[in-house]
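Asker: Here are the chains, one letter per residue:
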Amino acid sequence: MLFNNIKQYIYELSEKFRSLFVSGNKQKQSPIDLFEHFHKLIAQNNIALEIMSDLGEKLSGEYVFDRRYIEESVIKLSDSLYKMIYHLDCMAPKKYVQLFSVYNRIRSEIDMELKGRVCIPDGDLVVPYTKIDDTLEDLVGGKNASLCIVGNVLGFNIPSGFAITTRAFELILRDGILADKIQEYLDQWQQDKISTEKVSAKLQNIILDAKLPDELAKEILKGIAELKKEVNKQNLTFAVRSSALVEDSEHSFAGQYSSFLNVPEAKVLDAYKRVVASTYSRRAMEYRREKGILESEIAMAVGCQVIVPARVSGVVYTLDAFNLEKERLVISALPGIGEKLVAGQREADRYFVSRTVPHSILGMDIVHKKDMLIAAGNQEEGLSQVKVDEEAADRPCLTSNQVLELAKAALQLERYFKHPQDIEFAFDDQNRLVILQSRPLNLQQSKPRLVCDLAKLAEKFPVIFEQKGEIVQEGVAMGKVCLIKDDKDLENVPEGAILVAHFSSPNLARAIKQVNGIITDIGSPFGHMATIAREFRIPMIINTRIATKLLHHGQEITLDATENVVYAGFMKELCFYNFTETKFGETYEYRLLRRILKKISPLNLVDPKDKKFSPSFCKSFHDLIRYIHEQAVRELIDQNYFTHSFVRKRAVKVNLSIPLDLVVIDISNKSDFNLQKIEPEELVSLPLRKFLKGVSVPGIWAREPVPVDFKSFVSSMTKTFSSDVADPRFVGQNLAVISPEYANISLRLGYHFTMIDTFATSNARDNYIYFRFFGGVTDDTRKTRRARLIGKLLAESDFFVSIKGDLVIGRLKGVSKEEILEKMFVLGILVAYTRQLDVQMKDDYKIDYFLSEFHNILMSLN
Amino acid sequence: MGKRRINILIVDDEPIVSKRLKPSLERKGYDVETFVRAVDALDRFKNCPFDIVITDLKMEEELDGMEFLTEVKSLRPETEVIVITGFATMETAKESFKKGVLDFLAKPFKLKEIHNAVAKAVDRIKSKEE
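Protein sequences appear in the order of chains B and X. If you read the first sequence in the working numbering, its first letter stands for residue 1, the second for the next number, and so on. If you read the second sequence in the working numbering, its first letter stands for residue 1, the second for the next number, and so on.
Hints may contain errors.
Within a straight-line C-alpha distance of at most 27 Å, the following computed BS3-like cross-link-like pairs (lysine-lysine) qualify [stated by the list, open to error]: (1) K107/X with K94/X; (2) K94/X with K549/B; (3) K58/B with K115/B; (4) K326/B with K549/B; (5) K128/X with K46/X; (6) K480/B with K28/X; (7) K468/B with K22/X; (8) K110/X with K572/B; (9) K110/X with K817/B; (10) K58/X with K107/X.
The set of hints was computed from the structure by calculation and includes no laboratory data.
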């Protein structure tokens with residue numbers, strides 16, 4: 001549709017590539033070529049965005065896909081991106097050559113992931129816990145990654161710490177002389193020339209005797225120094241724990257590797273070596289051999305955590321697997337540090353708590369606690385045993401508040417990981433709950449009872465509705481309906497509720513940590529709320545149209561977001577069954593997709609005015625796409641060719657009812673510009689038409705200009721012009737570049753600069769609005785206030801907003817054409833309305849005042 | 001009469017496919033067996049009649065999907081075959097339908113699509129039995 005002949009196009013492409021290497025002169029592109037390339041670039045831009053969106057959608061679990069799909073999508077995406085770079089290069093020859101190397105860099109990172117060897121990603125030797133998310137699992141190991149999700153995503157207290165990565169492991173064991181020695185012994189062992197016992201002892205000694213590489217020792221010591229700062233204490237002791245790579249959840253190396261508690265600072269490096277050496281403990285080597293895991297696949301990361309001064313510690317099983325019908329959690333607790341409890345060597349208090357709200361305590365078994373473990377003092381490693389206070393020995397070591405807090409936390413973890421959990425916890429000396437570890441509860445022995453005849457089960461529970469709307473995140477959730485009619489209702493969402501709302505507004509995210517599931521009438525599976533639900537793995541169905549009508553507040557329902565069915569009543573068996581399935585989230589393909597998407601989707605480059613908006617700061621494909629798009633628009637508009645006859649054929653002034661001088665350039669060749677001026681209704685671009693309609697609403701634009709005091713005026717002159725003189729498009733004509741579905745509008749109204757870029761097609765996935773506003777005639781405070789006002793207005797219209805000083809950027813994506821057009825209309829009003837408002841923004845109350853005035857305007861227009 | 005369980009045979013060289021399909025179909029009350037090699041699946045099929053076979057087309061082993069389903073159809077014509085493939089083209093689709101395949105799904109597909117295809121197959125089987 002955009003190029004007549006594919007062969008011709010490919011020929012042109014190769015010709016252009018050849019000429020890139022040959023010619024050196026910077027020709028000024030003819031406007032004809034410029035527009036052609038721009039239009040093709042935009043087309044590739046949309047293909048790329050669509051592929052990205054498509055990949056992201058697959059995270060929900062509704063789809064079955066394999067590696068090939070990921071590989072092919074990456075190829076198609078790379079292809080579009082490459083073409084975009086090519087077209088940009090054609091628009092501005094030689095100006096953007098560094099883009100090719102940036103592209104290659106990111107592409108090769110993605111290819112490495114796809115090659116799928118137990119890939120030790122490029123990364124640091126030491127990573128602080130605060131910087132770890134679940135995509136770093138291959139770098140920091142499963143235990144560290146899960147713990148950091150519990151802390152960084154779900155917001156629980158976790159020990160402060162850092163991970164010594166698999167990269168460090170590789171450094172020690174795979175590079176250099178150690179590697180050769182180790183390989184030699186492993187070869188002998190594999191050929192049965194040496195017993196497991198002997199080889200294990202030899203390998204462990206090699207590691208223990210080795211000197212850690214300087215850079216690694218330095219990083220670890222630096223990590224410790226950072227921790228001291230973080231917890232504000234100088235005398236620290238540490239837990240040094242293994243966190244090995246596991247390919248999938250079937251291989252649970254629980255208890256195979258070593259951990260050391262209460263390690264003084266001076267001994268951390270040594271403890272690290274001991275943990276690494278345990279990779280080759282006899283038990284571990286035999287286990288791997290039995291399971292067919294290659295030695296080359298093993299990699300060990302280590303966690304170094306500040307010891308929690310535990311008053312009381314223990315373990316929670318979120319499901320009593322031996323007494324399923326009792327539907328309870330089991331908490332075991334004892335005073336002090338819980339190490340022996342975990343190893344099954346100690347008696348502890350037990351609490352049985354109901355899994356359903358309000359989590360009442362169903363029973364307790366209190367034991368006599370004679371002694372407890374605490375950190376050995378005097379810079380000694382390890383724990384020492386002390387006597388428990390006589391009074392405390394027979395009392396429950398947990399208060400009922402603590403039990404309740406634990407139960408809620410444990411179930412939240414179960415909800416997130418979609419599987420019953422085995423959780424290690426402690427209450428520290430400030431009575432804060434700290435989660436030490438959370439891992440899947442082994443349900444093997446209960447499996448037969450958990451699996452049921454689902455077909456029969458479904459017959460017992462009436463279906464309220466099914467197959468309505470779209471699945472955003474699969475899973476099964478039970479809970480009482482919490483119907484949200486307006487934002488105020490979000491303040492009191494009960495724990496374990498199923499949120500039912502009309503719109504899927506980002507505000508719902510406030511309740512994300514308490515809810516079991518979400519159902520909406522309206523919303524986009526590509527919108528922000530959907531992304532959040534997927535991140536927290538909360539089962540969610542969107543766009544049902546009828547949820548708020550058919551469900552009532554307080555109703556007990558079961559949401560099966562995997563099959564898209566809503567049942568009346570609590571289907572506990574379904575929830576249990578759900579626990580036995582390998583979660584999609586635990587499959588290798590899911591993790592691979594997530595890791596690759598991390599190199600593709602995150603947008604780091606948001607603000608074109610930022611000095612970081614440059615190729616060297618591009619971290620993802622999305623960054624590149626954004627950068628190229630923005631630069632293409634600049635290239636198109638920067639070149640001052642208004643005198644050129646070609647442009648005159650495609651450019652025309654718009655006849656507006658307001659005093660706005662706007663030139664429109666149609667790059668699609670669809671307009672008939674034989675006239676000097678054109679009526680807005682005759683413009684081919686729907687989004688622009690709607691925008692202009694909004695801008696021209698009577699009474700908004702033409703209000704009395706407020707007299708500007710001289711001081712404000714001067715301050716604006718020096719600031720806005722000096723920083724923007726490098727932006728030639730804004731020192732001149734108000735301009736709109738359009739096609740029937742596209743519009744790029746840049747306006748300079750007074751001293752404010754607005755840029756809007758939008759696509760409104762029949763495919764929601766391709767649609768977006770990018771809105772950018774800055775400037776003003778007054779001092780910084782007023783301009784900032786106006787920016788905040790605009791930010792609020794945008795957020796209310798479901799834009800994703802970022803504000804920096806007086807710069808506001810709003811983004812909206814993935815919505816229907818109708819919605820885009822509606823928003824363009826609102827943006828038109830907004831731009832007209834805020835035109836000179838900064839002068840009146842004398843104080844913060846004015847923000848609310850103008851907010852409500854704007855609302856009145858919108859309501860009066862409906 | 002008519003209360004016996006429908007059994008389904010799945011063949012795909014990518015383990016993830018069976019890993020996802022099996023539990024999903026079992027939830028609906030079907031008996032499911034899975035294989036990664038068509039050769040093994042064919043052996044099993046010769047010993048046990050399956051109502052439905054779901055198979056990938058291109059598998060890199062001695063027996064590829066197209067040959068496999070041809071064999072299946074000749075051994076037991078009443079078995080319904082559903083093809084799932086990442087290499088969906090007009091030609092392979094046409095060829096499959098000529099061989100009597102009931103449905104043809106391009107990967108990646110939604111679980112919903114597979115359920116619809118299986119439901120269609122079950123309808124045909126049940127109506128033929130009456």
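Asker: Now tell me, hint by hint, if it's right for this structure.
Answerer: Hints versus structure:
Taking the CA atoms of K107/X and K94/X, the gap is near 17 Å; set against the 27 Å cutoff, the hint holds. About 45 Å separates the Cα atoms of K94/X and K549/B, which puts this hinted pair outside 27 Å; it is violated. For the hint pairing K58/B with K115/B, the CA-to-CA distance comes to about 20 Å; that is within 27 Å, so the pair holds. As the CA atoms of K326/B and K549/B are separated by approximately 35 Å, the hinted pair breaks the 27 Å bound.
Only pairs whose Cα atoms come within 27 Å are accepted, and K128/X paired with K46/X is accepted, the gap being roughly 22 Å. For the hint linking K480/B to K28/X, the alpha-carbon distance of about 26 Å falls within 27 Å, and the restraint holds. Proximity of K468/B to K22/X is assessed by CA-CA distance (about 24 Å); at most 27 Å being required, the pair is judged to hold. A hinted pair counts as satisfied when its Cα atoms are at most 27 Å apart, and K110/X with K572/B qualifies at roughly 26 Å.
This hinted pair checks out: K110/X and K817/B have alpha carbons roughly 25 Å apart, not beyond 27 Å. With a C-alpha separation of about 12 Å, the suggested pair K58/X and K107/X falls inside the 27 Å cut-off, and the hint holds.
In the structure shown, a violation is registered for the earlier hints numbered 2, 4, in ascending order.
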